[in-house]
Structures are given as structure tokens and as C-alpha cells.
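Protein chains: 2
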Amino acid sequence: MKKMKIGLLGCGTVGQGVYKLLKLNEKKYLALLDGTELEIVKILVNDLEKVREDIPYNLLTLNPYDIIHNKDIDIVIEVIGGTTDAEEYIIESIKNGKHIITANKDLMATKGQNILELGNEYAKLVKYEASVGGAIPIISTIKDNLVSNQITKVMGIINGTTNFMLTKMFSEGRSLENVLKEAQELGYAEADPTSDIEGLDAARKIAILASIAFNRRVKLSDVYVEGITKISIDDVKYAKQFKSTIKLLGIALIKDNAIEVRVYPTLLSLSHPLAKVDDVYNAVYLEGNAFGNLTLIGKGAGGLPTASAIVADLLTIAKKINKGTIIEVENCSCYLDLEIKKIEETSSHYYFRMVVVDKTRVLSKIADAFADNNVSIDSVIQKKLPEGKAELVILTDRVLNKNMKSAKEQIENLDVVLEIKSVLNSEKEY
Amino acid sequence: MKKMKIGLLGCGTVGQGVYKLLKLNEKKYLALLDGTELEIVKILVNDLEKVREDIPYNLLTLNPYDIIHNKDIDIVIEVIGGTTDAEEYIIESIKNGKHIITANKDLMATKGQNILELGNEYAKLVKYEASVGGAIPIISTIKDNLVSNQITKVMGIINGTTNFMLTKMFSEGRSLENVLKEAQELGYAEADPTSDIEGLDAARKIAILASIAFNRRVKLSDVYVEGITKISIDDVKYAKQFKSTIKLLGIALIKDNAIEVRVYPTLLSLSHPLAKVDDVYNAVYLEGNAFGNLTLIGKGAGGLPTASAIVADLLTIAKKINKGTIIEVENCSCYLDLEIKKIEETSSHYYFRMVVVDKTRVLSKIADAFADNNVSIDSVIQKKLPEGKAELVILTDRVLNKNMKSAKEQIENLDVVLEIKSVLNSEKEY
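Sequences listed follow chains C and A, in order.
Just so it is clear: in the first sequence, position 295 is 295 by the working numbering, and no numbers are missing.
Just so it is clear: in the second sequence, position 334 is 334 by the working numbering, and no numbers are missing.
Since the hints were derived computationally from the structure, they do not count as laboratory data.
The beta carbon of each residue, even a glycine, is placed where N, CA and C say it ideally should be.
One or more hints might be untrue.
[To be verified] Pair by pair, the computed Cβ-Cβ distance ranges are: (1) A:Lys143 x C:Lys342: 35 to 43 Å; (2) C:Leu385 x A:Gln184: 51 to 59 Å; (3) A:Lys143 x C:Leu385: 52 to 60 Å; (4) A:Lys181 x C:Thr194: 56 to 64 Å; (5) A:Ser171 x C:Gln184: 41 to 49 Å; (6) C:Gly12 x A:Lys143: 27 to 35 Å; (7) A:Ala123 x C:Asp397: 51 to 59 Å; (8) A:Glu117 x C:Leu336: 49 to 57 Å; (9) C:Ser175 x A:Tyr335: 51 to 59 Å; (10) C:Gly388 x A:Asp397: 57 to 65 Å; (11) C:Gly97 x A:Tyr335: 29 to 37 Å; (12) C:Asp397 x A:Glu117: 54 to 62 Å.
[Stated by the list, open to error] Here's a subset of chain C near chain A, in silico, CB distances under 10 Å, partners left out: (13) Lys20; (14) Asn25; (15) Leu32; (16) Pro137; (17) Val147; (18) Gln150; (19) Val277; (20) Ile297; (21) Ala307; (22) Leu315; (23) Ile321.
Chain C on its own, in the form it takes in the complex:
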């Protein structure tokens, strides 16, 4: 029987998922590859003695070069994560003639271009479907299935941890700190949750999606990022009054030939297809100039779901190796040079929540301050508080970020305004 040999870098949840899936659907893969067997022949781990169900001990190694320098291995799957080791191993694997599959969003969002171009140079495929959205085949969908379109907007719930937390805050009225603890206990959030709750994880993923959607390399450092740490239970209550929810969204769009790309918690009307995507589900909403809009909802993490993406990439590569059709490799589709707009020049709807002195003309003073900065108001909720105070929540029309900021400064300095409690973005048009 013909064999295609695979080296696996890393053997955590995802690595074990890949191993398991190759066994689970072995027959189907054999049929698809006309009898060629996919065989994992070596697995890099950092602890030989850790218990890994069903994985033969003799496949394990502590030395990455047992894989990288192994001449029998055609394809290397990298599921270590992080940028330090993974980058070196991938680069050396390509140079040693291996095709690459990686789930590494950190690496792809920072060094993606180098790696893809190195792959081109050595005529080696580099595929990374698993780096965004877990089991949702969002990269193939944008890159292949919707290739006939100019993609104009990508908007996604692409971090399961924060979506789980926000869902709990909305359904159970609990505080962020409280639900974070539960997320950690359930293993959805890391002991150090910074990368998730500060929006960095989502930022890496939206950088990757923006690059593919707009054919222009977008890096992590190009993404404006705000996390969810400032969301309070009061914001949750007001969002509900506005028939909305709050989701941490990665947003990338193209307008007037310039790219905008950002991550922030967003007030989202309940009628939006992303608004009902709850718990650890991920989802991506796309707009394009032919298909109109398309929404994909699925599992954003987990061993088998992520392995689903990795093995799909693996089968694609294996088929091409089998047919001898890997001739000229074009890993990277970023051929355009478009401007990336500064956040100040982008526009959005905004939600302002503030505590004010409860007396006449307060609202008019605030409205004047908004108007002075070209910020027009869409709707207002005012609520009496004890001790002669009131809470004021204002939704604005679509305004420039810099105008919102200058309005905020002016309002902060009004003597009737005691505290601006929160300013959130809001999406209204779709």
C-alpha cells in the first residue's frame, strides 16, 4: 500500500484530535486518495511521559529535527502554537522539502507573509484553515468558494472564550469577573486570560481574514484592538433595552479603496445573524459584491473540530501530491497595496453611558456638545438615580471616531457630567 508520511509538531488537544480523526475516518480517506494511506510517523512532544490516549509511545520524540530532517516525511502539521519555536520549525521544514499545515494564528498574523513566500520559493504548500474559526472553513470559503466576489466586509465572533463570557453575562446577569472564573474552571479560558479578554486572539484572526478577503497583507499590528474588560452589567441591561446584545467582534471592511480593521465589543441588534450566536460558538458574517451576505456558524475550538480543518487541508495537499499537480505554488494572494485607515478616520455608531446631575438643561448641554463635534444622536434613555443624579444612555448615528473622541472630551469637561461610564461601538447597518 502507498503511504504518505506525516510529522506532527505538538500533541495537545488539537494534535491528539488530528491523530484520532485520521483513525476515525481512515476508510473514507483511503477511498479519496485511491488507496494511499495517511500515516503519522513522528510526533514532537515536550514531555514523553504525559498520558496521551491511543497514541503509540514509539511515535513520540523530543527532537523536532527527527521530523524536520526525516526524508520520508512529506507533510508537517504544526500545532504547537506561539511564535518562537513554531516559526523556526516551519521554516526549517519548508527548507527541508515539507508541505506545511498550521493552526498557528499568532504566527500567521505576524510572520504570515514570510512563511507563505518561503513556501512559494520552495514550491511547498502552506495551509492554515485551522488558524481561524476552528471547524468553520472560513479561509477556504473566502479564498476559494467566494473567489468570484469582491469581499467588502468581514465581521466575526472569532473568540469562543469571550463569547461564552458575554453569553453568560446576558443570560444570567452575572459580572465579567464572575463569568471569567467559570470560564477558567471549565477550561475555556486560560489561567492568564489576557489574550482572549483583551481582544488579542480575535485581532490575530481578523488580521488573517482581512488579508485573504482584501488581497492585501494585514498584520496584527495593523488591527485596532479593545477587549471586553470594561463591559459592566449595566451595559448589559441597557443593551437589552435597545433590543441588542454585546459581542466581541472582529471587523474588517473596505471602503473608498481603504481597509479598516478592528476588534472591539459591539452593540449588535438582536435581528443581526451574529446576535444569536452564543456560548463557545464562533461565526463569521461576510458581505460581497455578488453573493450579498453569507453567515457561517460553527464550533470555534476543540480537538476534533480543529482537526476537521487540519485534515481537510491535509487531504487537499495529499491529493495534489498524488496527482503531481503541485507545480507553481501561490500560497499568498496578497497582491494589492491598499491603505489601512487609522482608527480615528473610521466611523461607527456609538453608545455612550454617563452619570449626570439630574437637573433641567443637562440633556441640552450634552446634546450641544455632541452637535459641536458633528455627532448626531439616534436615541436616548434617561434614568433617575438616587442623590440627585441621573444615568443617560445615548446612541449616536454613524460618526467619525475622531469626532466621537472630541465630543467625549468636551462632555467630560461639562460640570453637569459626573462620569462617563462607558463608550461602546454599535453596528446598525446590514
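Since chain C is already given, all that's left is putting chain A on it; use the hints.
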């Protein structure tokens, strides 16, 4: 400049959409194809004088063989629909060395296998993404993106006309006849709406999706079909009481190594991802053994949305021609021979609505009749009607179709039962 020449069979909404899209995104396609231009050189119409915006008159022809026998044409796009002419033209086009892209669900659901195999024989690609779900790339998603999975279930809202009608019935409380008239006025329903409202259109599409999902050819004649014509406004009211909606679903699943495939109106809990897919939107919910579940929601019809699918297929073929990688063609992935279950042997939850005599022991007699046939009851709503009658609505647990039928027969013969008003399937597990 290098050119790839295309013949277009048909020039209705979709054909014009394809022509328009090739102009709209011309620059992107040139870049993708390294400068090769996609040019429609001939268009088959049945009336030369009909007004078609922006399409040059000199491209039109009444003779299909101006395309089929044109040696310059590499790719033929068929958007005529129906089976008679389209089949002949596609077969002759393949025999004359052309790759095929078709949006023809009628043909693919009945003669799909022949056409795909003929393509294999002549080493010509046959692609048909546009035949199901309009702009939703559901065929590529199942066939390519999720190829790493055993697909276990496909459940879709794949007929926009009936989804528009059911949405209106739910949101505005109007009757089926009334909303059908509006759908016809808006051009969503044909003058003869049989194919849509009797479920045939959806049946063709689920046959195509089942074939791809389960690697086993499923034809239109294998699909059990019920349309929406019996849905009354009373069913709508009760569905709402059960926190559910009613959708015309195409359902295909694999259980115990046998395939089940059917189309019928289905009571669907509002928490299901398909329940909120309204108006003319289409959506497909998939389950697989690695990804878990995935839902795609998008536009199911229209010129540009359907052209989005066609031109994606076109770019795939054009790329392969350019690179010379069309060697061994495998259009068809149906290599398994699985049993297709008779509807009687399948199981479902059911919704029974009946008018009964309003006196004691009626419910117990009916419950006994269900129990006699191994049908267990999940929940009951009873409502008093005038003239000593009552309406009884019963949801069952999951039971065999044949048991439901025998229970229905027995209940119909009870003297306390005046009329069984409707029996609908219901989906509860996901």
C-alpha cells in the same frame, strides 16, 4: 492578452448576472488568472429581440450548435434550466471538448450521474455549485472544505419561495393562499407554483446534497416529498405556542449505514439555527463526525448571487486549464452503495392537530390509541371550541413513521374524533 472563451446557454436573470459579474470584477479575475481574460463569446437565447441590458446583440444566437461546435470555446455555462434541451446541450458540449458549469438542479437530481461520468470519460470538469442554495457555497463546503468528515446530517431551507410564504404566514398571520398571491406578484413564485409549494424544487436540491454528503447517488425519485399546501393559520398559531416555527426542510441523514432523505414542512424549535432564517434566505445546517455542526445562511436566488456560485466554478476551471492540471477527472464522488430507507421505516417527532368531542375520557381514548401503536406523547394542548367540540394538539416523542400512520388510522376511527386536521413532522434533537 490570453483569452479563455466561454459559451453561455441561456440569458435570463442568472445568465445576465454571469455576464454582469464578469465585467464587475474583471480586474480581480485577471489578477487571479495571471492576465488570462474570461470572455463570453456566444450566448444562446430563444428570442433575439428581448431587451437585455448591456449585453451586445452580436453575441446572441438562436442556435445552440454555434456554441457546442465552436472550437474556440473552452467552457460552457448552462443556465437554461429544465431537462429536455439542457441535457442534450450539455452532453454534446462535453463530447465536443468543453468543460461544463450548470445551475440545473432538475437535471443534476435526475441525470446527474450520467453527466458526471460522461465528464470523467472525456476528462472534462462538470461543476454545479449554483444548482443548490444560490450564493451559499454548500456543494464546495461539503465536498471540499468538510471532506475530512463523515457527514451525518444535512438539513436545509433550500426553497426561497416557500420560506418567504411561511415567514409571512408567521409574521403577519395571513393564509397560505393570500401570501402565495403576494409571492407571485413579487416574482418570487411562478404562475404555476407547484414545483415550489409541493416541495419538488427542495427535493431536487436535497437529492444533490445527499449524494455529495454521503458519497452515494441519491435521485429525485429516492426522496420522500410533502409540500406546504396543507399548512393552515391554525398550525401557525399552535407552532408559536410550542415556541416553534414551521419550515419546509430538506433533510438527509445517515443512520445505521442507511440513508434517509425527505422534504416536508417541519415544526422547528425557535432555538434551532434554521428557525430564524426568514424571507427568501436559504440556509443549510450540517452535522459531521469531526466539525460537530455548521450552519450556512445566505441568498438562495437572484442574478448576482447565483452568478457568484457559477463564476467561482468558472475560476476554478480556468485556473486548472491555465496550469494544465486537469489530468484525471473525478466529477462524481459517489463510490458507496448504501441502502435508502423507505419513509415508513424512518422516525421523527410528530405534531397532531384534531377536532374532538369535548367530553370526559376523550383524551384517554386518544392516548390509548397512540400507546397501542407505540407512539409516546411529549406534550398536549387542548382548547375548547364552540358547539361542544375541542381542539387537541399533541406532540409525540420520536417514533417510527409507520407507527405514526397506524396510530393515525386508529384515531381517525374513534367515534370521539371528528377530524384530524393536520399531522406535521417535528425536529427536536440537535
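Tested hints:
1. A C-beta distance of roughly 42 Å is found between lysine 143 of chain A and lysine 342 of chain C, which places it inside the suggested range of 35 to 43 Å.
2. Here the CB-CB span from leucine 385 of chain C to glutamine 184 of chain A is close to 56 Å, well matched to the stated 51 to 59 Å.
3. Separated by about 59 Å at the C-beta atoms, lysine 143 of chain A and leucine 385 of chain C satisfy the suggested range of 52 to 60 Å.
4. In this structure, lysine 181 of chain A and threonine 194 of chain C meet the distance hint of 56 to 64 Å, their C-beta atoms being roughly 58 Å apart.
5. Between serine 171 of chain A and glutamine 184 of chain C the beta carbons are some 42 Å apart, a value that agrees with the proposed interval 41 to 49 Å.
6. At about 30 Å, the CB distance of glycine 12 of chain C to lysine 143 of chain A agrees with the hint of 27 to 35 Å.
7. Remark: the range hint 51 to 59 Å for alanine 123 of chain A to aspartate 397 of chain C is upheld by a beta-carbon distance near 58 Å.
8. Restraint check, glutamate 117 of chain A to leucine 336 of chain C: a C-beta distance of roughly 41 Å breaks the suggested window 49 to 57 Å.
9. Serine 175 of chain C and tyrosine 335 of chain A have their C-beta atoms about 55 Å apart, which keeps the hinted 51 to 59 Å range intact.
10. For glycine 388 of chain C and aspartate 397 of chain A, the hinted distance range of 57 to 65 Å is satisfied, since their beta carbons lie about 60 Å from each other.
11. Look at glycine 97 of chain C against tyrosine 335 of chain A: about 32 Å separates their beta carbons, and that is inside 29 to 37 Å.
12. Look at aspartate 397 of chain C against glutamate 117 of chain A: about 58 Å separates their beta carbons, and that is inside 54 to 62 Å.
13. Checking lysine 20 of chain C against chain A by beta carbon gives a least distance of about 9 Å; that is within 10 Å, so the hint holds.
14. Interface hint at asparagine 25 of chain C: satisfied, since its Cβ lies 6 Å from the closest Cβ of chain A, which is below the 10 Å cut-off.
15. For leucine 32 of chain C, the suggested interface contact is upheld, since its CB lies about 7 Å from the closest CB of chain A, less than 10 Å.
16. Because the smallest distance between the Cβ of proline 137 of chain C and any Cβ of chain A comes to about 3 Å, under 10 Å, the interface hint for this residue holds.
17. About 5 Å separates the beta-carbon of valine 147 of chain C from the nearest beta-carbon of chain A, less than 10 Å, and the hint is met.
18. Because the smallest distance between the Cβ of glutamine 150 of chain C and any Cβ of chain A comes to about 6 Å, under 10 Å, the interface hint for this residue holds.
19. About 9 Å separates the beta-carbon of valine 277 of chain C from the nearest beta-carbon of chain A, less than 10 Å, and the hint is met.
20. Interface restraint check for isoleucine 297 of chain C: the shortest CB-CB distance to chain A comes to about 4 Å, inside 10 Å, so the restraint holds.
21. A hinted interface residue such as alanine 307 of chain C counts as satisfied when its beta carbon comes closer than 10 Å to some beta carbon of chain A; here the least separation is about 6 Å, so the hint holds.
22. Because the closest C-beta pair between leucine 315 of chain C and chain A is about 5 Å apart, less than 10 Å, the hint holds.
23. Hint status for isoleucine 321 of chain C relative to chain A: violated, with the closest Cβ pair at about 13 Å, above 10 Å.
Of the hints listed earlier, those the structure fails to meet are numbers 8 and 23, in rising order.
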